[in-house]
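S.K.: Given the coordinates of chain A, work out where chain B should sit on it, guided by the hints.
The lines below spell out each chain.
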Amino acid sequence: MPQPHIDVRYVANLARLELSDVEVATFQVQLDAILGYVETLTQLDVSGIEASAHAVPVFGRMRSDEPHASLPPAAVLQNAPDQSQGQFRVPKVVADA
Amino acid sequence: MTLSSLRQQLLAGETTPAAILARLAGDIAARDGRTGAYLSYDLATAMAEAASADLSLPLGGIPIAIKDNLNVAGQPCTCGSRFLAENYRSPYDATVIRKLRAAGAIPFGRMNLDEFAMGSSTENSALQTTRNPHDFDRIPGGSSGGSAAAVADHTAIAALGSDTGGSIRQPASHCGVVGLKPSYGRVSRYGLVAFASSLDQVGPLTRSVEDAARILQVIAGADPLDSTCLEAAVPDYLGGLDDGVKGLKLGLPKEYFGAGIDPGVRRQVMAAVDALAAQGAEVVDISLPHTEYAVATYYVLAPAEASSNLSRFDGIRYGHRGASPADILDLYQRSREDGFGAEVKRRIILGTYVLSSGYYDAYYSRAQKVRTLIRRDFEAAFARVDAILSPVAPAPARKLGGIAIDPLHEYLSDIFTLAPNLAGICAISVPCGVTAFDGAAALPVGLQILGPHLGEAMLLRVARAAEARS
Chain A
1 MPQPHIDVRY
11 VANLARLELS
21 DVEVATFQVQ
31 LDAILGYVET
41 LTQLDVSGIE
51 ASAHAVPVFG
61 RMRSDEPHAS
71 LPPAAVLQNA
81 PDQSQGQFRV
91 PKVVADA
Chain B
1001 MTLSSLRQQL
1011 LAGETTPAAI
1021 LARLAGDIAA
1031 RDGRTGAYLS
1041 YDLATAMAEA
1051 ASADLSLPLG
1061 GIPIAIKDNL
1071 NVAGQPCTCG
1081 SRFLAENYRS
1091 PYDATVIRKL
1101 RAAGAIPFGR
1111 MNLDEFAMGS
1121 STENSALQTT
1131 RNPHDFDRIP
1141 GGSSGGSAAA
1151 VADHTAIAAL
1161 GSDTGGSIRQ
1171 PASHCGVVGL
1181 KPSYGRVSRY
1191 GLVAFASSLD
1201 QVGPLTRSVE
1211 DAARILQVIA
1221 GADPLDSTCL
1231 EAAVPDYLGG
1241 LDDGVKGLKL
1251 GLPKEYFGAG
1261 IDPGVRRQVM
1271 AAVDALAAQG
1281 AEVVDISLPH
1291 TEYAVATYYV
1301 LAPAEASSNL
1311 SRFDGIRYGH
1321 RGASPADILD
1331 LYQRSREDGF
1341 GAEVKRRIIL
1351 GTYVLSSGYY
1361 DAYYSRAQKV
1371 RTLIRRDFEA
1381 AFARVDAILS
1391 PVAPAPARKL
1401 GGIAIDPLHE
1411 YLSDIFTLAP
1421 NLAGICAISV
1431 PCGVTAFDGA
1441 AALPVGLQIL
1451 GPHLGEAMLL
1461 RVARAAEARS
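Residue numbers (the numbering used here), protein chains in the order written: chain A, 1 to 97; chain B, 1001 to 1470.
Please note that the accuracy of each hint is not assured.
[Unchecked claim] Between beta-carbon pairs, the in silico distance windows are: (1) B/V1283 with A/A51: 32 to 40 Å; (2) B/R1089 with A/G86: 33 to 41 Å; (3) B/S1005 with A/I49: 48 to 56 Å.
Just so you know, the hints here were simulated from the structure itself, not pulled from any lab data. Don't be surprised by glycine CBs; every beta carbon is placed ideally from N, CA and C.
One chain only, chain A, in its complex shape:
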């Protein structure tokens, strides 16, 4: 058994995904196969090749700096799972002193 490419549970935690044991086991096999396939890219010599973040890079696009209408607060909040006093409501974020 070759060394696995990826520690699935560790990376899932980075992505804020809480996986079941079954998911971890399934994804381990599948992602190792995919990453093994991706290794084919190492066959290519890419020294001196610039990276393409976009197919059609456009730089420094500016639009006129003019105020325009935005969504009203009620529309922004309409899909909130929980809200209070015109704000999104979340569990307490700061620890008790």
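M.R.: Leaving out everything else, chain B in the frame of chain A:
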């Protein structure tokens, strides 16, 4: 009935927008229970819009079905995901919807898709199975499977989809309709729920090339709300449609006709190539030498971008929130664990991994460099030829089921459609006949035509000539 012929009937007073909608609603009721293309539709709102439709506009009074990852104000936008299925309603119109409305069209119907457009079969929808109208035991393709199936099933006149690695062209091919992926930057992405932002484009699925041109004409063009949407003037896509291919040079990339292609697909695609040659095109062999690296490149870059884009689904501002979270971290994790399906989780983990410290250079940075090589392949090819011809998919539609075990095998079937997204060029799928396959007597085959960046007018002209044969 094509959009173009329906428009003639509307202008001649032979039908009305309300009559068209009523007939569609009847057809959906009669047939979509089996096909499963529609996730929802709102007939009352569409009828109200039909009552005031301005028929003098380019798409006046024409209903257009919308993939359920494009925001239409007041309507659901589930993305085929449990995360957004409960009670999300779009607070605004995507730019393509605003442009459709300005041209008189009526957005009608929310079409099924692979969850967040991740997949090639629509089986990754968490909400519903969509079946291929040509064979109900088979996939419609994906991710715009609902859009393609409805157009093929005549329960929609035309539809919008999105294409990140073939998600318009491959379902169009499997369902026997036309599917156009515009060049990157030709059409605004504002209001399209982002999957991979450097690859995503919105485009039409239609029953004719002319219909695709009519819709592109309306949705193309600059948008101050999308800085990647280009200022380049939008040419007239209809005027030169029938100019033919006489004197054009069309390239056949040898890497797209190698082993692994179903013989029936090869036969029908080559028949379409021969027909274009018979109309006066010069067909030449070309090479796109980095084709074999396209799948690996795509499945690093697209998941990387997806892992970043899908971090917005955190259970705070919209969509699903896990029940009684202990703290904020628990809220994120539970909401995402409940809300996302397997393929979405797989790609988020893959994307997070290739972007993580220690692996970024080996995977992400290297894939971006190979992307440059793939772009250069096309630049060199388009210095020699006007357009490139290939199959859309190596085989016709497979049977439903079987994706779960081997996602890599599923990814490899995208080989012919991924590279155009990586290179940002335009591409179209045009039906080129049917073939017997895997026990089915006659399944549609698609010819893929690739054009240079912003070369949609040329692309549509070649597509029209290919279509004229069938």
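S.K.: Now tell me if each hint is right for this structure.
M.R.: Hint check:
1. B/V1283 with A/A51: 32 to 40 Å: 35 Å, holds
2. B/R1089 with A/G86: 33 to 41 Å: 18 Å, violated
3. B/S1005 with A/I49: 48 to 56 Å: 49 Å, holds
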